[in-house]
Amino acid sequence: PTANEVRHAQVFLGMEMRRAIKKSVQFEGPAFVWHHHPIGKGLQYMTMDAWNSWRDANQLPEFYPKDERSIFINETWYPDCRDRYNGTSCFFRDLARSEDLTGAVLEQNAKEWFHASYAIRNFVRVNTEGTFTVAIRNRIQTILRNFVHKQRRKLKKRSARLRRHLQHHREILNSPMSPLGHLVLYAHFTRILFNRRPFLDEIYRQHLASIVPSKATNVDASEQDSTPEVGDRKVQLDPFTVSLHMRRGDSCSTDEDHNLIPYEKEPSPLDSPAQVSGVRKCYETKVYLDAVERIRKLLPANQPLHVYLSTDDADNVMDEIQTQHSQFYNNVVDEWHFLNYSRSNFQYNFEDFIESPENEKRFILGETAVADLWLLSHGQAFVGHLGSRFGKVGWLLATSRHNAFIPYFTVDGHSVCCEIDESCGMIRPYIFDMENCLTFGHEFNDFDNGDAYWERGSLAREILYNEMLRSHEDQHGDQHAE
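Residue numbering for the sequence shown follows our numbering, beginning at 10 and increasing consecutively.
These aren't lab readings, by the way, just hints derived from the structure by calculation. Please note that the accuracy of each hint is not assured.
Listed next, the in silico DSBU-like pairs over lysine-lysine satisfying Cα-Cα at most 35 Å (straight line) [unchecked claim]:
1. K370 x K295
2. K274 x K370
3. K159 x K31
4. K120 x K159
5. K306 x K274
6. K75 x K159
7. K295 x K306
8. K120 x K32
9. K159 x K32
10. K306 x K120
11. K31 x K75
12. K75 x K32
13. K295 x K274
14. K370 x K75
15. K120 x K31
16. K120 x K75
Can you build the whole structure from these sequences, using the hints too?
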């Protein structure tokens, strides 16, 4: 199979995996929604909650509550929601409903490949709902549902305190998941939650902008002939896509006079200090571009490279790349895609947090967050901030849509396993499995870090890990005493 065929197959099986989860799960009640958190942060915590509910009880919430408001969504702006849906239910359809494929070109192409591929290889004529392909899909569903059933956890009993605080520390017995399988399956729950209403794709396309640089034409002849061959035919490679998450402006720290602190010239290492609230680093544009250029060098010379740029200052960033990094602009990326929302939407008083009632830009930030997350979901590789909860959700959505691990270059010294206000290097000994990696959140577990937070960042993972060890020791001690 060609690289394109493998990618189509992976995407198609990812769609079928999410369908298998929905067919085998029990939907019950409303989702627990974080109405006072930004969209990205709320989706991260909702994924944790949905994952735990599924693995423990084979349950998922059926719908988003229609009578609860969100501080980031103004329903009166959207005719599809007005007098019908409030809060998160305005943006997202019920979880039990089929996956919205409006604007999902990646998935539509995979479906077309599946139907065409099986028709050609088996010399049968079928339409998109033909009986032959339906039979094949039913066989796939049987296999995937059996697989999904085996992934649910069997738990040992724990004390009430540990059940309350250590949901991520459960002991998993008879779970055959590899770390990669664990990650990809978890990502599918993020995509199930991110079931957009179709009107949001219309808004997305209204704001989507693209730039095609006039690239240099001095390509070596040997590189021009490097198109891969299958049998006696040339195979045209699809573009390789990179999601680029670049924090700018109000996402960055300021000094005592509220002036932006100069951007970092190098990416942060894993053992860098925690970036606690109000102390968030931003990085020079070149830091991101160097990572994109490394990806370019790994690709076949004739494979197009498309970058999906998520930033709150797209016009200025693109202008900087074009004028101050012209060699890169003219030779590395074939197409740029970004959202052309006004920069003024992302500017609010420095004394306000994004969640503050005084922040009058909250409502538009909800819309832009959903649009940017969908933008980031296109990448086959990720460059940006995995310390950011927003960046993590964008990366997880890409993982789910491609049904594969998405390689990443994280500039902020944080992997997918650690929180932005943890020091990844310091906390690494306490990340003992994929469950802890993916589902730990000190706010999610209602943990109070105290004053030590401002000096060392969140210590919750270390403290709760040690508490778990003491619990084990006490249990073993009691058993020996008996």
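Now for the hints, and whether the structure bears them out:
no.	hint	result
1	K370 x K295	holds, 29 Å
2	K274 x K370	holds, 30 Å
3	K159 x K31	holds, 15 Å
4	K120 x K159	holds, 27 Å
5	K306 x K274	holds, 22 Å
6	K75 x K159	holds, 34 Å
7	K295 x K306	holds, 16 Å
8	K120 x K32	holds, 19 Å
9	K159 x K32	holds, 15 Å
10	K306 x K120	holds, 31 Å
11	K31 x K75	holds, 21 Å
12	K75 x K32	holds, 24 Å
13	K295 x K274	holds, 8 Å
14	K370 x K75	holds, 23 Å
15	K120 x K31	holds, 19 Å
16	K120 x K75	holds, 32 Å
When the structure is compared with the earlier hints, no violation turns up for any of them.
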